[in-house]
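Asker: These are the residues of each chain, in order.
Number of protein chains: 2
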Amino acid sequence: MSIDAIPIHVINPLPTEPGLTGNALPLLREISEMLRRLLETGESTAIDLSALPLTPIDLEWLREKLGEGEIAVTLQASGESTLNETACPGVWWITHRNENGAVTSQFIEVSFVPELVKAHPEDVKIGRDHLELLISDL
Amino acid sequence: MSIDAIPIHVINPLPTEPGLTGNALPLLREISEMLRRLLETGESTAIDLSALPLTPIDLEWLREKLGEGEIAVTLQASGESTLNETACPGVWWITHRNENGAVTSQFIEVSFVPELVKAHPEDVKIGRDHLELLISDL
Chain U
1 MSIDAIPIHV INPLPTEPGL TGNALPLLRE ISEMLRRLLE TGESTAIDLS ALPLTPIDLE
61 WLREKLGEGE IAVTLQASGE STLNETACPG VWWITHRNEN GAVTSQFIEV SFVPELVKAH
121 PEDVKIGRDH LELLISDL
Chain Y
139 MSIDAIPIHV INPLPTEPGL TGNALPLLRE ISEMLRRLLE TGESTAIDLS ALPLTPIDLE
199 WLREKLGEGE IAVTLQASGE STLNETACPG VWWITHRNEN GAVTSQFIEV SFVPELVKAH
259 PEDVKIGRDH LELLISDL
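Chains U and Y, in that order, are what the protein sequence lines are.
Position one of the first sequence corresponds to residue 1 (this note's numbering), numbered consecutively onward.
Position one of the second sequence corresponds to residue 139 (this note's numbering), numbered consecutively onward.
Read the hints as simulated data drawn from the structure, not as lab findings.
The beta-carbon is built from N, C-alpha and C at its ideal position, and this holds for glycine as well.
Check before you lean on any hint, since a few could be wrong.
[As the list claims (entries may be wrong)] Some but not every residue of chain Y turned toward chain U, in silico, with C-beta under 7 angstroms:
| id | residue |
| --- | --- |
| 1 | Leu158 |
| 2 | Gly160 |
| 3 | Asn161 |
| 4 | Leu165 |
| 5 | Arg175 |
| 6 | Ile185 |
| 7 | Leu187 |
| 8 | Asn222 |
| 9 | Cys226 |
| 10 | Gly228 |
| 11 | Phe250 |
| 12 | Val255 |
| 13 | Glu270 |
| 14 | Leu271 |
| 15 | Ile273 |
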């Protein structure tokens, strides 16, 4: 058996920075897979980062690897949510905050447009009815 | 002929504030029509405000009537663009600025999601290829 025939298995590199658990790298692979699915089927998917064993350093590493995109969305509900495009188009970093500004959850959404940005037809209909009323009062 | 039979034609009220030309009210009617079209056919449409004879006071009146929504988008290209949802879901007030921050154009877009917020499949594909390269280098 020559040395060329020895099967080589690439394994995750060990984390080198303190606080890096190594759990963020498989997420990058998962995101790439989600992008493949989006392109092939149009299916949007999301990862709940709060539900995973990630340290703040892991999150920072992940965010740095994904980079920053051109689009930033803020949504004012009971607290503020931010939906930031990463340097990978179609990958959005979503942070929800409560009324005191504390982060309540973080998601990575893979979609052409984040679900929360879309106006829903029933809301558009209600808004149009209000607009018609407003016009008739002018 | 009784008085009930006299046809009454409602006309646009005359502008009452200085600087109001009366050109903004028909726009509200147009927006309502655009919303009807969006709901019935899904068709997105836009009005180029810069191309219309509107004074800054007209624009202020229009913006005030449309109100403020929960979603604000900023897009950094050569200059900053803002895409703000109005209080009428599906009606977006879009302002483009140049590198010096001067307003270059303003649009009202009627759509479920502003066109500029959507990631385009070809960009998603290029981004995924970059991500794959990045992963293989880790």
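Asker: Broken hints, numbered, in rising order?
Answerer: 1, 2, 3, 4, 5, 6, 7, 8 and 14
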